[in-house]
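Trainee: Using the sequences and the hints given, assemble the complete structure.
Per numbering that gives the first Met the number 0, the very first residue in the sequence shown carries number 0; after that it's consecutive.
You can trust all of the hints, since none of them are fake.
Derived Cβ-Cβ restraints for the label pairs, each shown as a range:
| no. | residue 1 | residue 2 | range |
| --- | --- | --- | --- |
| 1 | 303 | 390 | 52 to 62 Å |
| 2 | 353 | 80 | 25 to 35 Å |
| 3 | 268 | 184 | 45 to 55 Å |
| 4 | 381 | 33 | 38 to 48 Å |
| 5 | 303 | 268 | 14 to 24 Å |
| 6 | 198 | 244 | 39 to 49 Å |
| 7 | 503 | 182 | 15 to 25 Å |
| 8 | 513 | 376 | 12 to 22 Å |
| 9 | 121 | 182 | 46 to 56 Å |
| 10 | 240 | 182 | 57 to 67 Å |
| 11 | 394 | 256 | 34 to 44 Å |
| 12 | 35 | 314 | 39 to 49 Å |
To be clear, the hints were calculated from the coordinates, so they are not data collected in a lab. Only a predicted model underlies this, so the values are computations on that prediction, with no experimental measurement involved. The beta carbon of each residue, even a glycine, is placed where N, CA and C say it ideally should be.
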Amino acid sequence: MKNIDLKDTSVSTIIKDYLSQKDLLKFAYHRFPSFENYVAQAEEKAQNYTHRKVLFAELQKQHEGLNLSPKQKENLALLAQENTLTVTTGHQLNIATGPLYFLYKIMHVVKLSDELNQRQQKWNFVPIYWMATEDHDWDEIDHFNLFNQKYTCHKEQLGGAVGRLDTSGMDAVISELEEKLPKNRFSEEVIAMLEKAYASGRTLAEATRMLVQELLGEYGILILDADSHKLKKIMIPYFEQELLENPSQALVQATNEKLSEYKNQAYAREINLFYLSKNKRERIEREGEEFVLVDSQQKFSQDEFLQILHKTPEKFSPNVILRPMYQEVILPNVSYIGGGGEIAYWLQLKAVFAHYGVIFPILVVRNSALVLPENLARKAENLGLNEHNMFEPMHEFTRHLVEENSDLIEELEALKNVLKSNFEKAHALAQKTDVSFAQMLKAQEAKQIKGYEKMRKRLLKAERIKMNDKVQRIEQLFNFMFPNGTWQERRINFIQFYVEQGQEFIQEIYKGLLPLENKFIILNIKGIQQK
Numbered sequence: 000m001k002n003i004d005l006k007d008t009s010v011s012t013i014i015k016d017y018l019s020q021k022d023l024l025k026f027a028y029h030r031f032p033s034f035e036n037y038v039a040q041a042e043e044k045a046q047n048y049t050h051r052k053v054l055f056a057e058l059q060k061q062h063e064g065l066n067l068s069p070k071q072k073e074n075l076a077l078l079a080q081e082n083t084l085t086v087t088t089g090h091q092l093n094i095a096t097g098p099l100y101f102l103y104k105i106m107h108v109v110k111l112s113d114e115l116n117q118r119q120q121k122w123n124f125v126p127i128y129w130m131a132t133e134d135h136d137w138d139e140i141d142h143f144n145l146f147n148q149k150y151t152c153h154k155e156q157l158g159g160a161v162g163r164l165d166t167s168g169m170d171a172v173i174s175e176l177e178e179k180l181p182k183n184r185f186s187e188e189v190i191a192m193l194e195k196a197y198a199s200g201r202t203l204a205e206a207t208r209m210l211v212q213e214l215l216g217e218y219g220i221l222i223l224d225a226d227s228h229k230l231k232k233i234m235i236p237y238f239e240q241e242l243l244e245n246p247s248q249a250l251v252q253a254t255n256e257k258l259s260e261y262k263n264q265a266y267a268r269e270i271n272l273f274y275l276s277k278n279k280r281e282r283i284e285r286e287g288e289e290f291v292l293v294d295s296q297q298k299f300s301q302d303e304f305l306q307i308l309h310k311t312p313e314k315f316s317p318n319v320i321l322r323p324m325y326q327e328v329i330l331p332n333v334s335y336i337g338g339g340g341e342i343a344y345w346l347q348l349k350a351v352f353a354h355y356g357v358i359f360p361i362l363v364v365r366n367s368a369l370v371l372p373e374n375l376a377r378k379a380e381n382l383g384l385n386e387h388n389m390f391e392p393m394h395e396f397t398r399h400l401v402e403e404n405s406d407l408i409e410e411l412e413a414l415k416n417v418l419k420s421n422f423e424k425a426h427a428l429a430q431k432t433d434v435s436f437a438q439m440l441k442a443q444e445a446k447q448i449k450g451y452e453k454m455r456k457r458l459l460k461a462e463r464i465k466m467n468d469k470v471q472r473i474e475q476l477f478n479f480m481f482p483n484g485t486w487q488e489r490r491i492n493f494i495q496f497y498v499e500q501g502q503e504f505i506q507e508i509y510k511g512l513l514p515l516e517n518k519f520i521i522l523n524i525k526g527i528q529q530k
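Mentor: What follows is the structure in structure tokens.
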């Protein structure tokens, strides 16, 4: 089975049109991904980036105490240089990394950075994983799935930024996982990694950083937590303008009108900031001369609120509209790699960037991937499943297979065609006689054709039973590729494959990804035996 163009999969219409560079969307982005455009973007960004010292100091501080790989040390040192740019992806703090695409996103920025570095010498490109530490949707990240089982971390106290939560509850998850995993050195490795990352006393942000470090550190990834006083201090003038002038809402609404034929991914509010306290992340609204926190109904005068902003900017958290701009202000970034939903909402934001004078990055739809072990790849080939039909619904594929392999259905179709031909002759005769006869003939034809369709349906069911073994194998294969009807990468956790190969599985991901191409990657991996 071969790799597939992303636009030939079931991605959304706006992503298909973006990948096809449709004229309708060109106003919504700055540069389309290409090697030449990365170089041009680097030139522009380097000339306009002014926060290198603050960023470098913050990243150094955040990576203290980690056993950095040689490549991480090199990348960290390179960030102090004026000719170093970043390539970034962001993701939530899913426990145990959540679904597979968490790894695909990070490995995409790693490999894209490597390829850009190999193809030119003027610029250094460093991969960044932006941890979504300020999100407040715990239920989106509190679980993972493998071997058809869901593991959930239950917490009693919730609220506020998830990155500030403690790791309580993870010990029970790890114990349950240890009981269920096959016993080998790779499962022991995974359990040791999880126990180290989610040790008591860590925050979820610290735990996620440690896990990504243990799993992917050798590839040079740098891990950023933007829930930081020093980084937020850079944003004070931007946040102040958002509070006082509210420019973003009208700009996004105007863009949405131009994109009206597509489904909007994000909606701008009058104020696109949250207020962070110990256990809350509250929306901010303006009421006359006062600012109000929506949940607690706490009120502040304008002067009081601006004083808080200038003194403790870390209490202000950008929402989906301003978070991308926060990223592009504090990083010397050339490109953002995201999934289809992310890129769709980034395409709503260029006017906001232009208003604030921030350079809009190159948007890359990340590689999607399917892990298809060799034994299952052979099974797929034998069943006639390939890159052209794999995205058909399972029942459609099964129906086509039965139809193509049944002589009886073919013979029944031939009989139906004979029937249609005979009725055509009868209609020609009917024109020579009474109108009521023609009407009766038409009704009789509809009845006969309906009867044939009913017979065909019954025959298809009978033939399906006769081919039951083959149908079951198809269903097993589809359930592996599309568990619960979703793409494998959105459902299964990496541990399902890691316990068979260890770090070799991560290496296979790195080797398989094509960061300069818009592809759905088929990872035919040797050494993994899945049923």
